[in-house]
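Peer 1: What follows is the residue order along each chain.
Protein chains: 2
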Amino acid sequence: MTIYDISLPISANLPVWEGDPAIQLEKVISMDEGADANVSRLSAGVHIGTHVDAPHHFLNDGRTVENLSLDILTGVAYVLYLAEDVDAVDAAILASASIPKNRSRLLIRTRNSQQWLQKSPKFIRDFVAITPDGAEWLVANDIKLIGVDYLSVAEFQNPIPTHQILLRAGIIVIEGCDLSQVPEGEYGLYCLPLKLVGSDGAPARTILIGK
Amino acid sequence: MTIYDISLPISANLPVWEGDPAIQLEKVISMDEGADANVSRLSAGVHIGTHVDAPHHFLNDGRTVENLSLDILTGVAYVLYLAEDVDAVDAAILASASIPKNRSRLLIRTRNSQQWLQKSPKFIRDFVAITPDGAEWLVANDIKLIGVDYLSVAEFQNPIPTHQILLRAGIIVIEGCDLSQVPEGEYGLYCLPLKLVGSDGAPARTILIGK
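Top to bottom, those sequences are chains A and B.
Last residue of the first sequence: 211 in our numbering, with the numbers rising by one and none dropped.
Last residue of the second sequence: 211 in our numbering, with the numbers rising by one and none dropped.
No more than 25 Å apart at the CA atoms, straight line, and that leaves these computed lysine-lysine pairs for DSS-like:
| no. | chain 1 | residue 1 | chain 2 | residue 2 |
| --- | --- | --- | --- | --- |
| 1 | A | Lys144 | B | Lys211 |
| 2 | B | Lys211 | A | Lys211 |
| 3 | A | Lys211 | B | Lys144 |
| 4 | B | Lys144 | B | Lys211 |
Hints were generated in silico from the structure; no laboratory data involved.
These numbers were taken from a predicted model, which means no experiment stands behind them.
Build out the structure end to end from the sequences listed, making use of the hints.
Peer 2: Here's what the structure looks like:
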């Protein structure tokens, strides 16, 4: 049994979405200064690193992250590889991909995952993302959870339609998965977002358990 | 299969350890104000709600939270009930408890768990905790992970020895579990702390999966 940790390490060196709050992680109580213990403080937007979008992120009346179903966030998932030259995940790409039938949780590895190996703090705009017709394909094919390997499921210049199509259908979206070390195939997924009350999203430590 | 979510809901209404930073969770980008999306920001100490202590919390040269073993954080765990009149978890209590042999992960439900049903934001000092000799018992009995149901594994007035005994032995400590809804017995535990680089601890969504 192998555990793959597909979560990005959270620090001030992690790229964040343009316009979102910066990540601050600092020790505020310190044994070096004579305290009994070390205590750190985190200040960050909730859409950092490996994280989950709740419907409320792009649907003002949508449910918030503490209400997402753990029955969907955990269970069998398929990791699909797309070739390095795929620039966008559209319906045609998905229709021709070898996704096993009756799989309701899908994680898509693209060339984005290679990006994480560089450990650069720079946000990139030209990441591979899911087009609106790709999102429609996922809804039509009964996908309940979709994971992607950069910080947004949607293209940088056109964030609204892909998010709204997926979130309106109740599909749980995991963004910022590092799939660079994970072979294509089937796994046990455990994606556990922080239980942030009333929030539009939450960082989520996420693992895949292989046989 | 039943999933028990033993994680506390994170909001400004959650009690925090005296002297630790307050919890702030607020929307900083808002569709109500014309934005494309809602985006919240979290600012909090890392020892809030259901969370994991890393050795660095009480041992200045100890390892930090991103290095804790997922092989210990996930796996079979036993939930032990202690009676409402137990005031402290000491070696005698543990020795007389009906803990199955060869269990390396132990979560202890005490009267603390009832506290969470009241949903009070008030921090309490007289919670049930593990005494130093209780901690020595856990080390001697090859426990690798211990979970407790208030915000510290150690008594309020005497935090250092219990923490240091457990953390020096490499035992992973989960604090702030809400076990009020969980029957005594055996479960699959998934405790997934945020991967905070260099941190003394991290909030951790934590679930138990029953048969």
